[in-house]
Amino acid sequence: MKSNASTWTDVGGPAQPLLAIQNLVKHFALKKDLLGRSTGTVRAVDGISFDVMKGETLGVVGESGCGKSTTARLLMSLIKPDQGDIIFDSLSIGTTQLSLKEFRRQTQMVFQDSYASLNPRLTIQDSIAFAPQVHGISKKEANSRANDLLARVGLDPNRFAQRYPHELSGGQRQRINIARALALQPRLVILDEAVSALDKSVEAQVLNLLLDLKKEFGLTYVFISHDLNVVRYISDRVMVMYLGQIVEIGDSETLFQQPKHPYTRALLKSVPSMDPDQRTMEPPLSGDPPNPINPPPGCRFHTRCVFAEKVCSENIPALIKQTDGQSVACLMHVKNSGHSAAPCSKISGDAP
Amino acid sequence: MLNVAVDPAKVPGLVVEKSTGYWGGVGQRFLRDKVAMLTAAIVIILLLLAIFGPLIAPADPYASSILKRLKPIGFPGYPLGTDELGRDMLSRLIVGTRLSLFMGITPVLLAFTIGSVIGIVAGYAGGPINTFVMRTIDIFYAFPSVLLAIALSGVLGAGITNSLISLTIVFIPPIVRVAESVTTQIRSRDFVDAARASGANAFTIVRVHVLGNVLSPIFVYSTSLIAVSMILASGLSFLGLGVKPPEPEWGLMLNTLRTAIYVQPWIAALPGVMIFITSIAFNLLSDGLRTAMEIKN
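So the sequence lines, in the order shown, correspond to chains A and B.
Take 9 as the starting number for the first sequence in my numbering and just add one per residue.
Take 685 as the starting number for the second sequence in my numbering and just add one per residue.
Please note: incorrect hints may appear among the correct ones.
Simulated crosslink set (EDC-like; lysine to aspartate or glutamate; CA at most 16 Å straight-line) [claimed, not checked]:
#, chain 1, residue 1, chain 2, residue 2
1, A, Lys109, B, Asp877
2, A, Lys88, B, Asp877
3, A, Lys277, A, Asp235
4, A, Lys62, A, Asp259
5, A, Lys329, A, Asp259
6, A, Lys147, A, Asp164
A partial selection of chain B residues facing chain A, derived with a Cβ cut-off under 8 Å [to be verified]:
#, residue
7, Ser882
8, Ala886
9, His893
10, Gly896
FRET-style restraints, in silico, Cβ to Cβ [what the hints assert, rightly or not]:
#, chain 1, residue 1, chain 2, residue 2, range
11, A, Asp59, B, Val801, 44 to 52 Å
12, B, Gly708, A, Ser57, 51 to 59 Å
13, B, Ile849, A, His234, 51 to 59 Å
14, A, Asp164, B, Val801, 36 to 44 Å
15, B, Gln712, A, Ser209, 31 to 39 Å
In short, the hints are calculated from the structure, not lab data.
Every residue, glycine too, gets a C-beta built ideally from N, C-alpha and C.
All chains should be modelled from the sequences, with the hints used to inform the complete structure.
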């Protein structure tokens, strides 16, 4: 298999983020009334900005309905954002700088449902070879690339190439999906709950396969999951989402060991402990997340936050970088925010 | 770090013989279905009769005899009796198969082609195009299909071609409906998103990923319309809007024999029996096809 480097050029250099997201917004209009007016909007993704550095794995976690999958679809340009920019290696997508088709050659996605994401009427080989053929590679070459990739993900091409998806197990199908995503030799792979539907043992195999492939092909991952242990295992940095917004983003180990945002802390507490002495005694988070149609004013988490004060329902906290490099959107970490736990601008050492 | 712990290709006992493919599986399931095989046999016999009818028919279907009118079933020389002009019923039924099947299958084939295109385009495009097409199609639903066929034939004038056209128009809306709904369903599947994410354009996605998944359900539905089409075509002929006498066609034969219903009820019922057998055979065949084409998850 050809190396990736021959098919694309690194435009911005290693310091340039591979993907820079600026103020991305996606609202879905609810069912329209008779006159075509919308009766409400779901604020699925509401102004998120983040970078994905070259060669890293960015984990994205959050509860169901927090906008993780919408973010994945926005990144993949499967749906159009209402606002905001996606910059891929310093180039704007959909312009003369970088056509959508070229962007899609360099960015691929693995979906959660391994069965629904494979065409039941195509053989495994045809499914994998489809994308290269779209980009002008001959059928013969695309097929041989498909066979190489099948072998690479641990499936014997002689036995599997001519099979149909319903003849395979879930783990095998997800390997096929990974092989298909790699068939275009992309730089960025978005994994939307890619291992969530698999058995634990198969999940571990696929995770290790993903790590090996990343090293081998120099890939960058955006790894979306609700499984915190998996995210911790695979990610370099982690982004926590709540109701369409980022509440905390930063280095994976720091975030897992010293979570700053109350939501992140609650989320991490929800992971069952292996130590019987540290078992979870009370439910860390109560209730469902508020309705994203009419999200609460101020900080969106204040309705469930144990540290919430009056100011939390009035001011919207911005995502601010802290001294240790982690970014948090919480008034407790904003100087002079009015929250009782917030640091004051006067540093105690200054006073005589 | 652990490498891939289990290589499924190397585990003994996991060896599965080479896949028979989708159509191989459909064929196997169809062959196991006894009812479907029986109806398939009936349909093949009907098709053979349609092709070789004039060669098989024992007598000239047009030769009339004043002396031998309305003879009963089993009359010497006329196994199924004679009609009101003394023509051999058996020969007329055999020769009539061709025209009756032609009137049943052609409008459905035409409507299948046109309706699939409209439905798949509407289903894949979605949004305002879908709304426009589907609401236009809904207008046709305001009329009962029999009435619509009669009205169209009446406007276009009697004759085989015109009744084919009017029947085609009658069958397009239901086929568009089915095509649109299955396409909308397939379009929302992840593999279509994956194909979009690979940079393929809409035409390529429809050709490679949508057609293969939607054509068989549309086709199965269409085969069930063949029986309806035969009955409607018979109805048009019965009303004098389709096939003209002395052409042997089951619907027309039913019409001309209706005056003899008190004299020879069994003879008068014979064309109806043929229509009944054919429509049942096509209905059961489409049922069998649908069962055989279902993919297990």
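Does Ala886 (chain B) pass the interface check with chain A, least Cβ-Cβ distance below 8 Å?
violated, 12 Å
If you draw a straight line from the CA of Lys329 (chain A) to the CA of Asp259 (chain A), is it 16 Å or shorter?
The given pair, whose Cα atoms are some 12 Å apart, holds under the 16 Å limit.
Taking 31 to 39 Å as the hint, is the beta-carbon distance of Gln712 (chain B) and Ser209 (chain A) inside that range?
holds, 33 Å
With a cut-off of 16 Å on the C-alpha distance, tell me whether Lys147 (chain A) and Asp164 (chain A) pass.
violated, 20 Å
Given hint Ser882 (chain B) near chain A, where the shortest CB pair must fall under 8 Å
Hint holds; Ser882 (chain B) Cβ to chain A Cβ min 4 Å, cut 8 Å.
Note whether the CB distance of Ile849 (chain B) and His234 (chain A) lies within 51 to 59 Å or breaks it.
holds, 58 Å
Given the hint that Lys88 (chain A) pairs with Asp877 (chain B), does the C-alpha gap stay at or below 16 Å?
Satisfied, since the Cα-Cα distance of roughly 14 Å is no more than 16 Å.
Below or equal to 16 Å on CA atoms is what counts here, so check Lys277 (chain A) against Asp235 (chain A).
At roughly 13 Å apart (the allowed maximum being 16 Å), Asp235 (chain A) and Lys277 (chain A) satisfy the hint.
Status of the given 44 to 52 Å range, CB of Val801 (chain B) versus CB of Asp59 (chain A):
holds, 46 Å
Does the Cβ distance between Asp164 (chain A) and Val801 (chain B) fall inside 36 to 44 Å?
holds, 41 Å
Quickly compare the C-alpha distance for Lys109 (chain A) and Asp877 (chain B) to 16 Å and report which way the hint goes.
holds, 14 Å
For the pair supplied as a hint, Lys62 (chain A) and Asp259 (chain A), is the alpha-carbon distance within the 16 Å limit?
The hint holds at about 15 Å.
Hints 6, 8 from the list above are not met by this structure, while the remaining hints are.
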